[in-house]
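Line by line, the protein sequences are chains U and C. Quick note on my numbering: the first sequence kicks off at 0 and runs consecutively. Quick note on my numbering: the second sequence kicks off at 3 and runs consecutively.
Hints should not be assumed to be uniformly reliable.
[As the list claims (entries may be wrong)] Estimated spans, in silico, between C-beta atoms of each pair:
#	chain 1	residue 1	chain 2	residue 2	range
1	U	384	C	149	32 to 40 Å
2	C	149	U	381	33 to 41 Å
3	U	68	C	9	53 to 61 Å
4	U	283	C	110	31 to 39 Å
5	U	384	C	9	53 to 61 Å
6	U	194	C	63	36 to 44 Å
7	C	341	U	68	50 to 58 Å
Bear in mind the hints are in silico, worked out from the structure with no lab data behind them. All residues carry an ideal CB built from backbone N, CA and C; glycine is no exception.
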Amino acid sequence: MPTLTPASIMIERKMTKTTQSDIATIDYAVREHRSLWVDAWRRLVSSRTAQAGLFIVSFLILTTVLAHFFWEYNPKTDLDYTLKLKPPTLIPNEEVPSVHIFGTDKLGRDIFRRVVHGGWNTLMVGIIAVTISLVIGGLLGLLAGFFESIEMTRLEKILLLVFLGGLMGFLPAWIAEQPVQIVLFALLGGAAAMFENFLAGRSARVVLFAAVGLLIGGGLALFVSPYTAIVTGLLGGLIGAALSLQLGGSLFSNITMRAMDIVLAFPSYLLAIAIVAFLGTGLEKGMVAIGIVSIPVFARLVRSSVLSVVQKEYILAAQSVGEGHGRIIFRHIFPNVLSPITVQTTLGIGSAILAAAALGFLGLGAVPPEPEWGAMLGDSYKYLSSGAWWAVVFPGVAIMLIVLGFNLLGDGLRDALDPKMKV
Amino acid sequence: MARYVIRRLIATIPTILGVTIVVFMFLRLIPGDPAIAMLGEHATEENVSRVREQFGLNRPTFLDREALKQGDFKGFINTQYFIYLGRLLRGDLGDSIHRRIPVAATLMQRFPATMELAFFSMFVAIIIGVPVGIISAARRNSILDSTTMVGSLIGVSMPIFWLGVMLIMLFAVILQWLPAGGRLSSSVEFTPTTNFYLIDSLLTFNIPAFVDSFQHIILPAIALATIPMAVTARMTRSSMLDVMQEDYVRTARAKGVTERLVLYRHALKNAFLPIITIIGLQFGLLLAGAVLTETIFSWPGIGKWVYDSILARDYPIVQGGTLLIALIFVLINLLVDVSYAYLDPRIHYD
Numbered sequence: 000m001p002t003l004t005p006a007s008i009m010i011e012r013k014m015t016k017t018t019q020s021d022i023a024t025i026d027y028a029v030r031e032h033r034s035l036w037v038d039a040w041r042r043l044v045s046s047r048t049a050q051a052g053l054f055i056v057s058f059l060i061l062t063t064v065l066a067h068f069f070w071e072y073n074p075k076t077d078l079d080y081t082l083k084l085k086p087p088t089l090i091p092n093e094e095v096p097s098v099h100i101f102g103t104d105k106l107g108r109d110i111f112r113r114v115v116h117g118g119w120n121t122l123m124v125g126i127i128a129v130t131i132s133l134v135i136g137g138l139l140g141l142l143a144g145f146f147e148s149i150e151m152t153r154l155e156k157i158l159l160l161v162f163l164g165g166l167m168g169f170l171p172a173w174i175a176e177q178p179v180q181i182v183l184f185a186l187l188g189g190a191a192a193m194f195e196n197f198l199a200g201r202s203a204r205v206v207l208f209a210a211v212g213l214l215i216g217g218g219l220a221l222f223v224s225p226y227t228a229i230v231t232g233l234l235g236g237l238i239g240a241a242l243s244l245q246l247g248g249s250l251f252s253n254i255t256m257r258a259m260d261i262v263l264a265f266p267s268y269l270l271a272i273a274i275v276a277f278l279g280t281g282l283e284k285g286m287v288a289i290g291i292v293s294i295p296v297f298a299r300l301v302r303s304s305v306l307s308v309v310q311k312e313y314i315l316a317a318q319s320v321g322e323g324h325g326r327i328i329f330r331h332i333f334p335n336v337l338s339p340i341t342v343q344t345t346l347g348i349g350s351a352i353l354a355a356a357a358l359g360f361l362g363l364g365a366v367p368p369e370p371e372w373g374a375m376l377g378d379s380y381k382y383l384s385s386g387a388w389w390a391v392v393f394p395g396v397a398i399m400l401i402v403l404g405f406n407l408l409g410d411g412l413r414d415a416l417d418p419k420m421k422v
Numbered sequence: 003m004a005r006y007v008i009r010r011l012i013a014t015i016p017t018i019l020g021v022t023i024v025v026f027m028f029l030r031l032i033p034g035d036p037a038i039a040m041l042g043e044h045a046t047e048e049n050v051s052r053v054r055e056q057f058g059l060n061r062p063t064f065l066d067r068e069a070l071k072q073g074d075f076k077g078f079i080n081t082q083y084f085i086y087l088g089r090l091l092r093g094d095l096g097d098s099i100h101r102r103i104p105v106a107a108t109l110m111q112r113f114p115a116t117m118e119l120a121f122f123s124m125f126v127a128i129i130i131g132v133p134v135g136i137i138s139a140a141r142r143n144s145i146l147d148s149t150t151m152v153g154s155l156i157g158v159s160m161p162i163f164w165l166g167v168m169l170i171m172l173f174a175v176i177l178q179w180l181p182a183g184g185r186l187s188s189s190v191e192f193t194p195t196t197n198f199y200l201i202d203s204l205l206t207f208n209i210p211a212f213v214d215s216f217q218h219i220i221l222p223a224i225a226l227a228t229i230p231m232a233v234t235a236r237m238t239r240s241s242m243l244d245v246m247q248e249d250y251v252r253t254a255r256a257k258g259v260t261e262r263l264v265l266y267r268h269a270l271k272n273a274f275l276p277i278i279t280i281i282g283l284q285f286g287l288l289l290a291g292a293v294l295t296e297t298i299f300s301w302p303g304i305g306k307w308v309y310d311s312i313l314a315r316d317y318p319i320v321q322g323g324t325l326l327i328a329l330i331f332v333l334i335n336l337l338v339d340v341s342y343a344y345l346d347p348r349i350h351y352d
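Here chain C stands alone, though its shape is the one from the complex (with noise of 0.2 Å):
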């Protein structure tokens, strides 16, 4: 086990290498002068010379063979890529090209505000897909499982921008029962301590706090598990249905077991494999979607602020944003494959 986890570190820092070169390959994807682009055409000389030294722009891209002719070999690697990963490496995301303010200490800070939204999406989506999925495989071909399945694909298809819209338009403007956008009223007094405003508040006994923050996520967290919750029905219904035709299945039946027990006991158990996977690449694509939801809900976290900087030609953030979101999804992959390891203990990777 621990060495399967070690074996699975060690392969996943090519990934990581790789997608730290497509992030900073980013800047060379942008036509014509980088630093012209992100200080627009009447910027001053002193800016722009700022800009080309924070990117290291007159570096070559990747190895500068004219140093190495001299025997330079420090020269050699002291380019635009590996001074980009030096400075990863040290945590320094670079700094903001308008406000000047370092990118990672502002992700970190707003990091909390995004993750509060994908975990209460997330969770929203498991409490109400898995048992959906459940019911409509015990009573399969019912008018329940039918309308499941309907509904289910109608949320995979629904554009989640479209669905926030919508939903602002009936509970905040026409029925004003929730607030449009944002974290918190302004009329609350509160001062959280780790961002994570709903847990703040309740350790706090903030209770006012509390209640403020739980509305304003309602309507974005809807938007965002809308996807997430109608794949999760879908993946628990049919893994269930394949687990029902197993023989242990109809052993447990034949014993006299009680449907409910053979349902949770010995059904739930053995198809939870598929549903973890299926949750947690759900939870990447999650963060992916913050982006749209964010914006519209005008969330304070990665995804919103990563969407005003790419309309402000802000690149350094958008590569951090990205970057980011791309490490935690490497992240949570990761921990799928792990607990694949650690609840089947059939798997053995060797």
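The shape of chain U in the complex, shown without the other chains (with noise of 0.2 Å):
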């Protein structure tokens, strides 16, 4: 008689025949309860590339929270003119009577404490940027995959369509300067999303709501000027005909897509690039702005992903037993697309350290004198041909490594989480 485990017990009821292994077995998927996660971690620490991408990211992450909590650096006071761009020194000397093991700067300055305390800036830009895109990207791109496949409930569609009718409105609500407007062309969306049905598919539907949305954007308008209703009125005779097509997700999921193509069109750091350009240079603006410019990466992933999982038997068991959207978004479909949305994450991470850097050596990113790795570079690549090699190499390097370390993690997580994905 084996020891009494929950996985004997359980044979031992059910079947008359079992062999010791088999016991073995089933006793150790019991008790190892192994999730995903737990299998996708085995995975990623099995490999070296993510080893060494875990590594680089936990070391730097580790040194900069240290150095900010713990090591004190006032960056307005560091200054000091007899120490002006001096190499690397190890050991103090007469000349240099500290130690540098990175060199000094054009102000003196030990650009090992600074390249320790830019990380904390850099490693803020990749995660607030990062998370701008994530969120709003992630949400939109799930949306979009959702209904563009799923047909929407009454309810939701009403919704849809008193906003979109509200928005639409909003135009001659605004010529005309009749902010009630807005209200009536929700209410034109709601009545159309409500009344599905009536006189379907039939030319007469789109006559009467185009008639209906003519005298709403017409008819308040001649109180206004005769000349204002007649643009008013074509206006929303147009929104009025929009709002009677029988229009579902597919709408929502084009709308935005259209959207995000628009944000698409411009290489991605260059739109950051022209965005603080004009806003004015600093650092929270680098942020927001690479994070917008970012928000199509994450929603055109999403979406493709959603799409592909929403063709899955379980998505339309739960349709089948009557789960509402809700519950099946964030239960079925946000879990089996968590994968790619955490490799774009990690790799995204990188590319806004990258794009921030390329902002702070333009001198569009942190203002000096913050410490910041790209900034530092783009102060110090002058004194190139004097010979200054140092100031240049070390912020560059721990550019390159942080980088280096989010990709190696990306692509040793892609690997982990599914082995089918591809680069």
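Two chains, two frames, some hints: make the complex.
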């Protein structure tokens, strides 16, 4: 008689003939509750590249956080002209009385210290920029992908059309200076969704709604001026006609993805550079710009992942037992698109850091004397011709290392979370 | 096919309109009065009104509802955005604030420099990236393969401005093999006709000019090509590995086709579609990267001009340059999509 374990009891009751090894196997499975994430973590730490990535990233995060909280540094008072552009010195001598393992920069500041402290800004940029693009892009992609493939419920359709009606109604309302039009067009949208079977598929429906739109837009505007009424009436007619068409989730998806296409039409960090150029320099503005610019990357990725998940049988099953859409999205779809999101987030932090460093290098990111790797590089590269290689090499190596770390980690995660996923 | 191309062309129109709105809205991002921001606090009254006139800053942003009230339909759309759009359609990108020269003409004049650098870099990236990817796929898990993969990962992680600075330090300052910046040494006599220096000098048999401009393009091209090269190599490898598992590759091997032929005739042909996408995408990113590379290497293209103009707050140039690069980007994506339909007859777009 083997020791009593949950597995052995189960087997005793159900089967008559079991071998010792069966029990061992099931025992293992029961005792070791293995989830996707535990499995993925095991695969992750067993891969050489992921190990390297994990090591680099955690090392840099650890030193940065420790330095930020325990190693005092005030960039505003850090200045010593007697130590201007000294090469790395490990042993203090008469000329350089202190140790500077990375040398000093044009203001005599210790580069090692600034590199270690600069990591904080760099990490902040990576995390905040990616959070912006992940939250906004992820949500848009999730909704777009879901409603593109699954029929909306009545209530959702009503909400969507009320929103769209109000949104489109904004234009005539603004022209005629009558905010009430927004409400009326929203109501018209609601009515279109509520009576979706009324005259369905006939041109009479379009004409009817267009006429109501014309009345809302033009009728009220007559109090302003007849000319205004002509324009808003025409607009109202168009809006009414648009609302009358039986539009569903694909409309939402279309609008979202076309908007994403416009942002994607700009090479990503050129747009970030332009935004910051007009907005004014600053690290915070840079973070927001980089975050906004990468929203489409996440939206597209999440949408396409959702589209493939929605086809699965378990979604059909969830629908057929009558689960609500919110529950399906968050309990069934979201967990299953989490792995591509995790991978993209990791890789996204790397590219956000690169973009922020580029902004800093061009003098559009962190405001001096704040230590930031890209800005440090931009500050010092003019001194290269006088031989001050150390002022340029070390911040650059730091940028490369942390980006490499996140890229290695992302690659490892990709293999660990989904062995089938490709580059 | 023709119908698909036309439909795809029509579908880009809203995107292009959206792009113009985004570029137009840049001016709205400026805190305070744009005219003052561009000219500085001590601008003369005359200059301020000139700039206001150029951007139509006295007009409403999108639509003029007051004009409409009076029945002035033309005034209704005689606003900043539509004035901007109207000028754009006539190829007028406005005038530079400080130098008062038309932006469009100068952009066109500088455009060949950027394109020459971009094409050259892409050429370098493809002729190295694609073969490396193929060899890595053919010898999967060999030392060569893992070296390439690690190398390409480092390439992707490299800040290109840092790489550029390092290249200058090594090859221009320490070894003094290559020039540190510019397109042509001042000692070389050469009058370009199309501003594509390499082609111009070759066609006029001006060998010294060709050699000199070739020497000038090497370093910026390496800096700019690093990322697309790495990405192309990775994409080629993974795409090849995918295709090599297909049945037709196994069949080809089974009937005794040599491995070389299998690789190039059967696998590469089918693996090429995703590679083309990546190359197209990378080309667009390359143009964006030009802002950094051109700045470091003093390359007189669009990127450097845009950068200088950011510092000088000469916003029409920044707007024009960004718009031009975005439009090229849209065009390239269009070409990639169309080439898909052409290259893969299985794809039907209806």
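### Whether the CB-CB distance between residue 68 of chain U and residue 9 of chain C falls inside 53 to 61 Å
holds (58 Å)
#### Entry: residue 384 of chain U paired with residue 149 of chain C, Cβ distance criterion 32 to 40 Å
holds (34 Å)
### Message
31 to 39 Å was suggested as the range; check whether the CB atoms of residue 283 of chain U and residue 110 of chain C agree with it.
### Response
Hint holds: Cβ distance 37 Å, inside 31 to 39 Å.
### Query
Could one say that the CB atoms of residue 341 of chain C and residue 68 of chain U fall in the range 50 to 58 Å?
Given a distance of about 54 Å, which is inside 50 to 58 Å, the answer is holds.
### Query
Is it true that residue 384 of chain U and residue 9 of chain C lie within 53 to 61 Å of each other by Cβ?
Holds: the Cβ-Cβ distance is about 55 Å, inside 53 to 61 Å.
### Message
Range first: 33 to 41 Å. Now tell me if the beta carbons of residue 149 of chain C and residue 381 of chain U are that far apart.
### Response
Holds, at about 35 Å.
### Query
Between residue 194 of chain U and residue 63 of chain C, does the C-beta distance stay in 36 to 44 Å?
Distance hint for residue 194 of chain U, residue 63 of chain C holds at roughly 38 Å.
Checked against the numbered hints given earlier, the structure satisfies every one of them.
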